[in-house]
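Chemist: Sequence:
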Amino acid sequence: MFLLHHTDDQRKISEFLYAHPKSLDEQIIDEIARNRKVCKYLDLPIQHINDRILKLMNRKVDRKRIEFLVKQLKKIKGISLRTTVIAGFPTETDEEFNELYNFLNERYFDWLGVFPYFREPGTVAARLKQLPGDVIEKRYKRLLRLQSKLIKEFSQKHLNRVYPVLIHHKGNTLIGHTRFQAPDIDGQVRVMSRTRGLGKIYKIKITKAYRGDLYGE
1 MFLLHHTDDQ RKISEFLYAH PKSLDEQIID EIARNRKVCK YLDLPIQHIN DRILKLMNRK
61 VDRKRIEFLV KQLKKIKGIS LRTTVIAGFP TETDEEFNEL YNFLNERYFD WLGVFPYFRE
121 PGTVAARLKQ LPGDVIEKRY KRLLRLQSKL IKEFSQKHLN RVYPVLIHHK GNTLIGHTRF
181 QAPDIDGQVR VMSRTRGLGK IYKIKITKAY RGDLYGE
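Going by full-length UniProt numbering, the first residue of the sequence shown is number 1, and it counts up by one from there.
Treat the hints with care, since some could be wrong.
Just the calculated beta-carbon pair ranges, DEER-fashion [as the list claims (entries may be wrong)]:
no., residue 1, residue 2, range
1, Phe115, Arg36, 33 to 41 Å
2, Asn172, Leu144, 26 to 34 Å
3, Asn98, Lys64, 44 to 52 Å
4, Lys200, Tyr101, 36 to 44 Å
5, Pro164, Pro132, 43 to 51 Å
6, Pro132, Ile185, 42 to 50 Å
Derived pair list, reagent style DSSO-like, types lysine-lysine, alpha-carbon separation capped at 27 Å [to be verified]:
no., residue 1, residue 2
7, Lys37, Lys149
8, Lys77, Lys205
9, Lys37, Lys60
10, Lys170, Lys129
11, Lys149, Lys200
12, Lys157, Lys129
13, Lys152, Lys71
14, Lys203, Lys152
15, Lys152, Lys141
16, Lys37, Lys200
17, Lys129, Lys75
18, Lys141, Lys170
19, Lys157, Lys141
20, Lys74, Lys22
In short, the hints are calculated from the structure, not lab data.
For every residue, glycine included, the Cβ atom is placed at its ideal position computed from N, Cα and C.
Take these sequences, add in the hints, and give me the full structure.
Modeler: See the structure below:
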């Protein structure tokens, strides 16, 4: 919290990228909203939304708390949210999976990371009754389709808008990211010009969106 508050006195923009749901509180959310030097972006990895599965995962947070945090964050003007979920956790029922799917389909999150459950020897989850591989794969692919849909919708809404873009790679095209893209995780902005310098921020008009990446000039 001190670090977030301290950034208010700095000239540079800070990226507070990640917060575990059990560690995020109203004071931090208020500071993100208030502090103009903090990017309005946050990765909030919920992993699941069903209370029983969350308890098995030892997440130390329940659905009610997650919903509260997400709704408070969405009140922040211009904020973009990312989350990560696991498909096919041991003992997950069809009903519990559908609860997760339906929650994600509420469009709270702009970016979504999806992983199939993988059994790791020595973990508590490894001792639970495992789901058949084909069930895990089916649920994983269903979430991937939702992921593609959400990212496409999010990317399309930025067409014909102008955003500050930080350029960090120079090749056939310049590559950078905006305030709503975490480097190396989310999509990126490809700039159809090689006349701009690395490490600098430029205003770029978005002209195309494809598979999560934005293109501009």
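Chemist: Does each hint hold? Answer for all of them.
Modeler: Tested hints:
Between Phe115 and Arg36 the CB atoms are about 34 Å apart, so this pair conforms to the stated range of 33 to 41 Å. Remark: the range hint 26 to 34 Å for Asn172 to Leu144 is upheld by a beta-carbon distance near 29 Å. The given range of 44 to 52 Å is broken by Asn98 and Lys64, whose C-beta atoms sit roughly 19 Å from each other. Roughly 41 Å separates the CB atoms of Lys200 and Tyr101, a value that falls within the hinted 36 to 44 Å.
Against the hinted window of 43 to 51 Å, the Cβ-Cβ separation of Pro164 and Pro132 comes to about 48 Å, which satisfies the hint. Remark: the range hint 42 to 50 Å for Pro132 to Ile185 is contradicted by a beta-carbon distance near 31 Å. Using a Cα cut-off of 27 Å, the hinted pair Lys37 and Lys149 is violated, with the two alpha carbons roughly 31 Å apart. With a CA separation close to 21 Å, the supplied pair Lys77 and Lys205 stays within the 27 Å bound.
For the hint linking Lys37 to Lys60, the alpha-carbon distance of about 31 Å lies beyond 27 Å, and the restraint is violated. Distance check on the hinted pair: Lys170 and Lys129 sit about 49 Å apart at the alpha-carbon level, beyond 27 Å; violated. For a cut-off of 27 Å, the pair hint linking Lys149 to Lys200 is broken: about 32 Å separates their Cα positions. A hinted pair counts as satisfied when its Cα atoms are at most 27 Å apart, and Lys157 with Lys129 does not qualify at roughly 42 Å.
Under the criterion of a C-alpha separation no larger than 27 Å, the hint pairing Lys152 with Lys71 is consistent with the structure, at around 22 Å. For the suggested pair Lys203 and Lys152, the alpha carbons sit about 22 Å apart, so the restraint of at most 27 Å is met. Between Lys152 and Lys141, the direct Cα distance comes to roughly 16 Å. Compliance with the 27 Å bound is thereby established for this hinted pair. Our distance criterion of 27 Å between C-alpha atoms is met by Lys37 and Lys200, whose separation comes to about 17 Å.
Using a Cα cut-off of 27 Å, the hinted pair Lys129 and Lys75 is violated, with the two alpha carbons roughly 40 Å apart. Taken as a hint, the Lys141 and Lys170 pair is broken in the structure, with Cα atoms around 34 Å apart against an allowance of 27 Å. For a cut-off of 27 Å, the pair hint linking Lys157 to Lys141 stands: about 25 Å separates their Cα positions. Proposed proximity of Lys74 and Lys22 is supported: the alpha carbons are some 18 Å apart, at most 27 Å.
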